[in-house]
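Produce the entire structure from the sequences given, and follow the hints as far as they go.
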Amino acid sequence: AQRVTQPEKLLSVFKGAPVELKCNYSYSGSPELFWYVQYSRQRLQLLLRHISRESIKGFTADLNKGETSFHLKKPFAQEEDSAMYYCALSESQAGTALIFGKGTTLSVSS
Amino acid sequence: KAGVTQTPRYLIKTRGQQVTLSCSPISGHRSVSWYQQTPGQGLQFLFEYFSETQRNKGNFPGRFSGRQFSNSRSEMNVSTLELGDSALYLCASVQGGLYNEQFFGPGTRLTVL
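In order, the protein sequences belong to chains A and B. Counted the way our numbering counts, the first sequence spans residues 1 to 110. Counted the way our numbering counts, the second sequence spans residues 111 to 223.
Since the hints were made in silico from the structure, they are not lab data. A few of these clues could be false.
Claimed, not checked - Straight-line alpha carbon distances no greater than 30 Å define the calculated DSBU-like cross-link-like pairs of lysine-lysine that follow: (1) B:K167 <-> A:K9; (2) B:K167 <-> A:K65; (3) A:K22 <-> B:K167.
In structure tokens, the structure reads:
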């Protein structure tokens, strides 16, 4: 069965420290993978998608098919990065019907 | 453009009742997806509608149903409510094409007593 695993419920780092939010997936085909973020009192929104290979707000994520991972990284964390981060897999090329991980809360303190 | 809107924002029902939630997508978006969010199970996909047809379906019982109208607005219905149906129900819309960003609404908080 398709599954997305985010092993950490909470990740606490200091401002300026590197951040890595882990995501592993189980999927029989070629996955479409995304990171969504929810800041306090805001709606869930797309952070980045693997297909576009982009860097958003300093975050990057590389799809490793051998390790079935899609970890989210940022070299220097900022306090405004504090939020809930969800890794998601789509079975549809439209990017819909998302299978979400349980989410990781990132807390960045000064 | 106005964002995705959901009504009502809060709802309290009792076991055995049924409920209908509404979602208005961003203008021009033809796909609407529904998700259930609970503390225990997290975000789970319910179903997706595209041009008034159900395109994908998650693993939920038949008590959960939905539909989409010609103006792309969507409704989901839950019949014979159970305590475990208490959740935040999120709606998301997508313009179309490949690997698109889903735009989420604020959610409807359903409490079943």
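Legend entry - Numbers of unmet hints, in rising order: none
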